Amino acid sequence: MSMWKRIWRWADDELGFSETILPIIQHPVPRGVNWWYVFGSATLVAFLVQVITGVALAFTYVPAPNSAYDTIQFISERAVLGNLVRGIHYFGSSAMVILIGIHAIQVFLFGAHKWPRQFNWLSGVLLLGLTLTMAFTGQLLRWDQDGYWTVAVLASMVDRVPIVGHWLTQLAVAGQTIGGATLTRFFATHVFLLPALIFALIGVHLYLVIRHGISEPPQPGVPVDPATYRQRYHELLKHGEPFWPDAAWKDVVFALAVGACVVALAVVIGAPALGRPADPTIIQADPHPDWYFLWLFALLALSPPALESVIILGFPVLLGVVLFLVPFLGATGERAPSRRPWAVGGVALVVFTIGVLIAAGYAAPWSPDTQAQALPADVTQSLSGDAARGAQVFVDKGCIACHRIAGTGGRRGPDLTYVGDRLSRDQLTIRIINGGNNMPAYGGNVTSDQLSALVTFLQQRRYQP
Amino acid sequence: MNDEITRRRLLNNLSLGLSGLAGLVLGVPVVAYLLSPLLRPEQRDWIDVGPVDSFPQGRTVLRAVADPSPLPWAGQTAQTAAWVRRTAEQEFTVFAVNCTHLGCPVDWKPDANLFLCPCHGGVYYSDGTVAGGPPPRPLFRYATRIQDGKLQVQSPLFLQSGQT
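So the protein sequences, as listed, match chains S and X. First residue of the first sequence: 1, per the numbering used here; consecutive thereafter. First residue of the second sequence: 1, per the numbering used here; consecutive thereafter.
So here's chain S without its partners, still in its complex pose (with noise of 0.2 angstroms):
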């Protein structure tokens, strides 16, 4: 026996690899797991690149207001493939969330959360609530405007929750004012505190997995019934395949294409390019999360004043609710899509409401436009006399943030391009000076010259084909 062969028999027979851990994963799966199944390890794969990546990150990111900034430039312009490790970071997170997302829908599609893996559900419904709880305290870690500004706005939102609101903010941001100790705590968070939850949950999560093996692609006419389901399942077993490598070769196929493409657009994109560094005297700032939050962003912006506490603090609740009830409900019987209408509408819902949620957060037209300076030319320079005049006051009282002429302004409130075609000389005075609907009364902040020269550049905007 050569040399090597006899050192493997050694090691093997103290590690008891081929005894213990081949045969799990070896383990026997039912005939028909398919590519719908590689989601689950996709997103396993796309956690380790996390962590690799983010110790990588550690290594030199200081987690102090004095230093966050500085060190994450130094990673992303000075330190060899520092830029390339940040951007596999930073396309790794959206790659994160988008499979644990499709994984979500996927087993919930093929009914693999009914009897008896619901436990596994509910330990996914916790590793989705972390994933994104990591995503967010990661944005807040580059310490940009966008990300201190951020903050206050969650210690805004916190603040809400009735009688201990006031505690939970302190504690959100480890003191009264967002300083030093709020960077540090988050970076524990994000580096200790919730991987370790991850890791626990993944545990268990894999645990039960093996337990209970993979789901059987669902038929129709095959409802779920405990009471024959397990023998039903290990007589399926007994014409299946060995997991490693009949069905994992899948597995890592499509987790190799994952890591590919955001290795490639780590390469091609590139991570984002810093903000300004967090500044609270900068007052300049209009903070967004990043795209995964968008949904939830403009979800807020749109609901109506009265009921915004009740959604900011409620909607969370309701979801997690929601969430954990789903394997009780309909916990046995039809797993076929086919056979369950409700379920594929509700996903094609749920997917379609956060698509256009999203996409509502990216144009944002509830918020008002702070950067434009002017009126297009070709709106001003036919202009003279009051009219003229008239176009400055729009600019100077600050319409020109809500209001819209000929594409140049905010979308906050109505479009002025036409407006003298809508509104009398009276009706725009009126308006003007009591405000209404969001618009601030301005009859104490104008002139009676400057109304006049307003009403009459407002009275002149008319449709000319």
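I should point out that these hints are in silico values taken from the structure, not numbers from a laboratory. As the structure is a prediction and not an experimental result, all values here were calculated from the model. Every residue gets a Cβ at the ideal spot worked out from N, C-alpha and C, and that includes glycine. One should not assume that every hint holds.
Calculated pairs, DMTMM-like style, for lysine to aspartate or glutamate (alpha carbon to alpha carbon, straight line, at most 20 angstroms) [as the list claims (entries may be wrong)]: (1) Lys150(X) to Glu91(X); (2) Lys109(X) to Asp396(S); (3) Lys150(X) to Glu89(X); (4) Lys150(X) to Glu42(X); (5) Lys109(X) to Asp286(S); (6) Lys109(X) to Asp127(X); (7) Lys109(X) to Glu19(S); (8) Lys250(S) to Glu216(S); (9) Lys250(S) to Glu235(S).
Calculated from the model, a selection of chain S residues having no Cβ within reach of chain X, i.e. all distances over 10 angstroms [claimed, not checked]: (10) Leu126; (11) Val173; (12) Leu206; (13) Pro223; (14) Tyr229; (15) Ile269; (16) Asp279; (17) Glu308; (18) Arg422; (19) Asn438.
Covered, in the sense of this in silico footprint (three residues per stretch, anywhere, with C-beta under 8 angstroms from a C-beta of chain S), are these stretches of chain X [claimed, not checked]: (20) 16-30; (21) 124-133.
Based on the hints, put chain X in the right spot on chain S.
Frame of chain S, contents of chain X only:
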């Protein structure tokens, strides 16, 4: 046989109990440490904003106010911004920059005589009352006083639901 079962049960309960005790011995101090922001007494210091004469009357200006005892690594976050309005010779109103809707920083537009929030279009008049948009209440104000010819505000400077 009975003796063995009783002994075994005793050992079982003892092991679980002691493990629980170990958890408490380690857990209580650590959890208290993590909750320390809640256990510290609230700091109420008067902080200088600037000489009274440096503020033009009837105008609203942005000032950076420094945390009286920041952590050494707090960097730029040792400062907070505030809008200072001198309404009379010896009368000042100092607003927090955080919009009362969801905390975004509001910007003062001197020509329009309004505060405008970039996030959801909240608008406030020069006295901080809501002119339009989603904010539920007027701008937060800090307690002020004039000491030795200097305008001072009282910490804490962060938004608090109890602040006027």
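### Message
Check the structure against each numbered hint from earlier and tell me which ones fail, lowest number first.
### Response
Those not satisfied are hints 4, 7, 9, 11, 16, 17, 19, 20.
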